[in-house]
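Undergrad: If you read the sequences in order, they're chains A and B.
The first sequence lines up with residues 45 to 860 when you count with the working numbering.
The second sequence lines up with residues 912 to 1111 when you count with the working numbering.
Hints are not guaranteed to be accurate.
[To be verified] In silico SDA-like pairs for lysine to any residue, Cα to Cα no more than 25 Å straight-line:
(1) Lys916/B to Leu162/A
(2) Lys137/A to Glu116/A
(3) Lys136/A to Thr959/B
(4) Lys968/B to Leu624/A
(5) Lys224/A to Ala949/B
(6) Lys536/A to Phe450/A
(7) Lys657/A to Asn560/A
These are computed hints drawn from the structure, not numbers from a lab.
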Amino acid sequence: MALLKCCFDPGEVAEMFDTLYQNDPGCCCGCCSAFRPRYKRLVDSIFPVYPQDGLVKSNMEKLTFYSLSSPEKTDRIGEYLYQRAARDIYRKKYGFVIIAMEAMDQLLLACHAPTLNLFVESFLKMVQKLLETTEPDLQILATQSFVKFANIEEDTPSYHRRYDFFVSKFSAMCHSGDSKEIRDKIRTAGIKGLQAVVRKTVSDDLVENIWEPVHMDKIVPSLLFNMQDSSFHKDQRIADDVQEDGTDPPMLAETCMRELVGRASFGHIRVVLRPVLRHFDLHKLWVPNEFAIHTFRIIMFSIQAQYSYTVVEILMAHLDENVKSSATIRTSIAEVLSKIIAIAAGESVGPTVLEIINSLLNHLRDSVKNGTCQADEKQYQEALINALGEFANHLPDYQKIEIMMFIMSKIPFPLVDNQTPADNMLQSILLKSLLKVGTKYQTIHLNTTFPVSFLEPLLRMSLAPDPEMRLLVQKILHTLIDRHGNLEKLSKLALNIADLDLNIEKSSRPDLIFINKHGPIIYDALYTSLQMDSNTPENIEAVYTTLALLCVELNSTETVIDLLQLLLGIQSLALSSTALSAAQKFNLHTLVIGLLVLIPDVVNIQPLSDYAKRLVEARKEEAPHCLPDMLSHYPGECEPANKIPHLLVDQMAVCDYLKASGIDSSRLSQTSPYGAGGPGVIAGSQRHSWMETSARGSIMEIQSVHEVDSAASSPGLARKMPEEDLTFESMKKVLTEPIEVRKEAEAERRKQISQAFRTATFSELVRRTQPKHDILQNRLNEIFKSLSVTDAGNVEEPKGTQIPTYEQNFPELFYY
Amino acid sequence: MDDYKFLFKVVLVGNAGVGKTCLVRRFTQGLFPPGQGATIGVDFMIKTVDVGNEKVKLQIWDTAGQERFRSITQSYYRSAHALILVYDISCQPTFDCLPDWLREIEEYASSKVLRVLVGNKIDRDDREIPIQVGEEFAERHNMYFLETSAKESDNVERLFMQIAEDLMKQARMTNVPRYDPNSYNVDSSSQESSCCSRLT
């Protein structure tokens, strides 16, 4: 050993003597070895006489020591080992090849970083040589060595080294088609090799870029091909797979895939995903799509979280490309999308969210426009809506509202009759998506759930001509209003409130403020929607549910008054309307009694509750058709409600009962049959909103204007104002008169007015106002002309002209 | 041994069942495996031949003909020096698909790649494609043409030797060792890398 140290000054002679002492007398190299360079002799000495004896350990240590102490020799050692191995492969002496590889491995691990580069060259040549053979064992061995090499951290860059062959060969190995046993081994080796290549190259910017499409197009399909196997044989193989995990190609491929995706940076995601999509296309793996879902989940879970939405985008783009494919494929892709979209939702922010939603909506629109109504296309739309819902489900709440508003803005307006079926379909589909999103949303405060910009269009939609659509809107309202899980219990009109076991909580202040502010427009919209002659019992029942939910969610005496006002309004509508069918009127009466039972129960007004029960009992006796269930057709002998006034809800009675329980019912007794708000701020905001909506000029809205017969909410008010005699005299009077007097006088007049209109006949009213209302008449005529023929009938009813009459006769009412 | 001077990558393409794997087996191992199953993905063989006095190593990538493996097989085109497009002379459809294959080659392979058209299975009696038709097609598309039989070992050796010679000729013509991104430089023969200019 001491002599070995003089190797720093290596002379061939010294080496020769050295070997003479060192060499085993029994070595096969014998005498001639003395005349060979020292490194060759050392290399030769590690090979045993018989390959099955294995590497000569002691000599291997010598070789290692030599290579460490004279690092400049390492490349020659490597080269020589390689040559020997190549010769042995040629001679099919595989035992020696294995030994040579083992020696290479040991040297590689022993080498210090600076000298590694020299040795790696021949090491990789050796690995390649082994991979080129047809012997599975050698290929596997080579892969193992390559993996060892890949695990070494190199600190010097190697610009010229390329892994092209390895990627190609390992990918080919992943597809090995040998007999079962060998096949799995080779495939495992191939996957491990690919994993090693990725590991080796990914961390180092200076070596070959593994993210080139050339490589990814090989690596990704190879991994997928192996993963795919697992999903096909999962059931019968899962049992015996568990213990030998890591050696099973599908499992390993999956791990490798995770690693690969996990390392992908933003720019590389596309390169990785493109082959994935192509693989699915070519192997027809979209239908059925279990494997696709499985794979994309893996991708989503292993990808760096901030990029996850890119996957969604790319998949969405793929959906774009597949516009021409069969609906089943698109459905499958959309399903995959819906399965993974939730994972991305957590990371998506700002514009990306809307982008994703937008493109989903675009797909929906395309689908609606192109495919008319095949079942497949329907499924596709369902899948898209599901995806939308899933996505929304995982977004923070504030974004859900944004999304709902966004979807709302996509719904085509105006809701006129002359639209194409496709438009209609789109509207209802979008509403369905809205409903889907809505069900995922958990309302906390009503005012955050319903910002004005969302509430108003929604209410406008609730007056759509199509009853189906109105039903959808009501459902959206239900899910958004319901906070305590009462929706199920209230979805059917019931008279035994106690059985329902409602979950009631005292409403919070923000909610009350909300309902004070927006209640009127909500009630108005509901009231108006009840006037539609296309309503089915479902529609009416849905309105009941909405009102019932509002009542439960906002249980306070103030809202009770509003609701009762609305009830009375609905009742009078049922009595006086000419447009509604008898069945619809009965339905309305049912709705009224249903709510009348519910309200006092929720707010606990015993007398009123008793009254409601008495009414129910009486109706059971005499008019069961005014009780649930609601039907679309009633038997002919049912008496119209006008004939049985004692079975109706009496305003005075209600007022009295309210008073009896200490609730100020003055508002209820003051105003005319329907007017959700009394005079004041509420009415102001209400009127304002109607002015706004009527400006949009939709038929429905104009109609609703006419139906509103409350003084305060009259649309004529705004027009009327400037015409009134705001003279100095009148102003002075206002200023000088004490407030109480004026209020009293006003109340008195109001009473008179309502009295007059309640008692006087229509013709009388007309006669009384005849000479004065030409201007208004003209104005109204204009509006009537713009209405369609069917609606014209509606307009001719008394209420339509009551407004002008009223205004003409009692202009002083409008002072305030 | 390993003192080859040139390394060429040859890729075989063509419809499923035309005999690509059999051609490769016949050439590299000298056997005709009856009942050869369909290739999965890509297979790999190597053979060193002597051209003149030089040793030339041929890396032969045998691709699957099945449509579903198209994505992986296409990725091998790019680095090829020569592409062997195989059809079955007893099967008209395999010939009809040739334009599609050519389109794919245009798209994915290097433009300078050497292209050879091979009509395989001439040992069969039920010939559907006359030799002239194949020749014409090859001529029209500027390719070499050869008819072979892997079973009878007709022309197989000649096919690969011809390719090796041509590639070597090319390599010699452009002898300047220029950097080729598609070559694999770990091999000792780095001067061989620029061998794929189009034949004239």
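Undergrad: Failing hints, ascending?
TA: 2, 4, 6, 7
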